[in-house]
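Asker: The chain contents come next:
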Amino acid sequence: MASKGDLTSALRARRQDILTSWLRQLEQASASAKGRLSAAEVNNQATEFLTLLASTAQTQDVSGFGSEGWQPVRAFLEDLSRQRVMAGFSSDETATFIFSLKRPVFEALKQEVGTDAEKLSNEMWSATELLDKLGLHTIKAFQSSREEVIGRQQMELLELSTPVVKLWDGILALPMIGTLDSARTQIVMESLLQKIVETESQIAIIDITGVPTVDTLVAQHLLKTVTAIRLMGADCIISGVRPQIAQTIVHLGVDLQGVTTKANLADALALALKRSGISFTKH
Amino acid sequence: MERIPILRMGEFLLVTIQVDMHDQLALRLQDDLTRAIEKNGAKGVLIDISALEMVDSFMGRMIADISGMARILDAQTVLVGMQPAVAITLVELGLSLPGVATALNVERGMTWLRRTLNASGDDDHIINR
Amino acid sequence: MTTSSTGELPLRNEHDIVLGRQSVRHMAQQQGFSLVDQTKMVTAASELARNTVIYGGGGTLKWAMLQEGSRRGLRLTFEDHGPGIPNLELALTDGWSSGSGLGLGLTGSRRLVNEFEIASTVGVGTRVIITRWK
Numbered sequence: 001m002a003s004k005g006d007l008t009s010a011l012r013a014r015r016q017d018i019l020t021s022w023l024r025q026l027e028q029a030s031a032s033a034k035g036r037l038s039a040a041e042v043n044n045q046a047t048e049f050l051t052l053l054a055s056t057a058q059t060q061d062v063s064g065f066g067s068e069g070w071q072p073v074r075a076f077l078e079d080l081s082r083q084r085v086m087a088g089f090s091s092d093e094t095a096t097f098i099f100s101l102k103r104p105v106f107e108a109l110k111q112e113v114g115t116d117a118e119k120l121s122n123e124m125w126s127a128t129e130l131l132d133k134l135g136l137h138t139i140k141a142f143q144s145s146r147e148e149v150i151g152r153q154q155m156e157l158l159e160l161s162t163p164v165v166k167l168w169d170g171i172l173a174l175p176m177i178g179t180l181d182s183a184r185t186q187i188v189m190e191s192l193l194q195k196i197v198e199t200e201s202q203i204a205i206i207d208i209t210g211v212p213t214v215d216t217l218v219a220q221h222l223l224k225t226v227t228a229i230r231l232m233g234a235d236c237i238i239s240g241v242r243p244q245i246a247q248t249i250v251h252l253g254v255d256l257q258g259v260t261t262k263a264n265l266a267d268a269l270a271l272a273l274k275r276s277g278i279s280f281t282k283h
Numbered sequence: 001m002e003r004i005p006i007l008r009m010g011e012f013l014l015v016t017i018q019v020d021m022h023d024q025l026a027l028r029l030q031d032d033l034t035r036a037i038e039k040n041g042a043k044g045v046l047i048d049i050s051a052l053e054m055v056d057s058f059m060g061r062m063i064a065d066i067s068g069m070a071r072i073l074d075a076q077t078v079l080v081g082m083q084p085a086v087a088i089t090l091v092e093l094g095l096s097l098p099g100v101a102t103a104l105n106v107e108r109g110m111t112w113l114r115r116t117l118n119a120s121g122d123d124d125h126i127i128n129r
Numbered sequence: 001m002t003t004s005s006t007g008e009l010p011l012r013n014e015h016d017i018v019l020g021r022q023s024v025r026h027m028a029q030q031q032g033f034s035l036v037d038q039t040k041m042v043t044a045a046s047e048l049a050r051n052t053v054i055y056g057g058g059g060t061l062k063w064a065m066l067q068e069g070s071r072r073g074l075r076l077t078f079e080d081h082g083p084g085i086p087n088l089e090l091a092l093t094d095g096w097s098s099g100s101g102l103g104l105g106l107t108g109s110r111r112l113v114n115e116f117e118i119a120s121t122v123g124v125g126t127r128v129i130i131t132r133w134k
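Residue numbers (the numbering used here), protein chains in the order written: chain R, 1 to 283; chain Z, 1 to 129; chain W, 1 to 134.
With the rest of the complex left out, here is chain R (with noise of 0.2 Å):
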């Protein structure tokens, strides 16, 4: 399969000097890398990814590209890949680490394959493919590693923005803030459920004074998070019911299941304490 004067031989070959070359040309184009990754970082990872290319090239059809065979130079992309994402790069900052490759490989070409114009020119269109492919993979693996990123910190911003805070010994109390939707209710009904367990409350205040529309959607999600409280052994109190908020909910047909509403949050913390027999005498 490896004859000598192809791709596959040049890059066992002339490695050396194809590095030396893609060295060059990573400095030049990291000038604009604002110096996230140091100069040593990045000739370890050329170097060391070099030395897998021509070795995986030795025994691999280079062609084939998807195959089994290529899996170690896919996986060192998307490794490459998620660090990028992590320092802060740029898809196209991170794919030109493969791109700028090009150049060193095709003049290493020149050199191997000699003044056959018909083979220089086949073994350019291979070598071409395969950078090409090697490049669009470090991309996917950039865009799939920046969405993860992405998909996470969404998750944390919603934590965040709905704490459950323990309002006494064995009351928990959940201050809603802002537009409720479907997949924020979800995850909020999931930690405060989890908080019920963990704390053993056995009363948790929903307080929806800073909800400004409540929908059916949102009234029924507030139901099933009501119901899943009651199922699992815990009480519910739901707080910050303003006139509006009640009128809708009785046009809308909804059944609150006799859950108790109060008009505020001490209101509802009042009840919660009576019901939790606990009370505080003035000095």
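Derived by calculation from the structure, the hints in this document are not laboratory data.
Just so you know, these numbers come straight off a predicted model, no measurement behind them.
Cβ coordinates follow ideal geometry from the N, Cα and C atoms, glycine included.
Among the hints, erroneous ones may be present.
Unchecked claim - Selected chain W positions facing chain Z (in silico; Cβ < 8 Å):
#	residue
1	R21
2	T43
3	E47
To be verified - Quick list of in silico lysine-lysine cross-link-like pairs, DSSO-like style, CA-CA up to 27 Å:
#	chain 1	residue 1	chain 2	residue 2
4	W	K134	W	K62
5	R	K195	W	K134
6	R	K195	R	K262
7	W	K134	R	K224
8	R	K119	R	K133
9	R	K140	R	K102
10	R	K140	W	K134
11	R	K102	R	K166
Given the structure of chain R, go ahead and fit chains Z and W onto it with the hints provided.
Answerer: Chains Z and W in isolation, oriented as in the chain R frame:
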């Protein structure tokens, strides 16, 4: 034959469900429990499902049935320890088990049972003297 | 979209329902589903598996672990050659309030998954396909 063990705790019976029950086992439990309530004159039944990672409509209906049967035999049932994921799923499934009393754990369940039975005013049921 | 792994299990009796549940739990975990999503999928599978055994006279559960870009999913197909469901429309809308086990299993499961497909012909059989994505 496989059976779920029923423990006697004073005037109460405690059932801890820890295995992924197949339907026959669930029905056998129902049978055993009703017999045990009668045999022991039990006034309360605690069903501990804190180890269950799933409750489907069959299980849900079985629990509701046990609660109903127990009531006819003059015993109160409390379902304890439902996991959050299970509660969320059951509600989404459309089951809310309205006639079934619930508690966070066995201890709370027993406290509630004692309080409820005391309040019934029947001398025979007073446990804390 | 690629299917990374497929397989099938028989659904002949209640023991198969339990085995089916356990397999689905395992697969949902493998696909990285959250605990709540795992539970929803396992519960839906339990409902549909029971329908297959009890109303369908037995059948099969075919599963497929899916990969669409960075999204991972799980697809389950419940198939039987039983009597079929006569009033499918009715079973899907009214089933749960009518109290019949079959109806509750269908409408309930539908709410627990992202994609729900059902085909049923009287005298021929029933097939339900449910999919959940991470």
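Asker: State for each hint whether it applies.
Answerer: Okay, the hints, checked on the actual structure:
| no. | hint | result |
| --- | --- | --- |
| 1 | R21 | holds (7 Å) |
| 2 | T43 | holds (5 Å) |
| 3 | E47 | holds (6 Å) |
| 4 | K134/W x K62/W | holds (19 Å) |
| 5 | K195/R x K134/W | holds (23 Å) |
| 6 | K195/R x K262/R | holds (22 Å) |
| 7 | K134/W x K224/R | holds (22 Å) |
| 8 | K119/R x K133/R | holds (21 Å) |
| 9 | K140/R x K102/R | holds (19 Å) |
| 10 | K140/R x K134/W | holds (19 Å) |
| 11 | K102/R x K166/R | violated (60 Å) |
Against the hints set out earlier in the document, a violation occurs for number 11 only.
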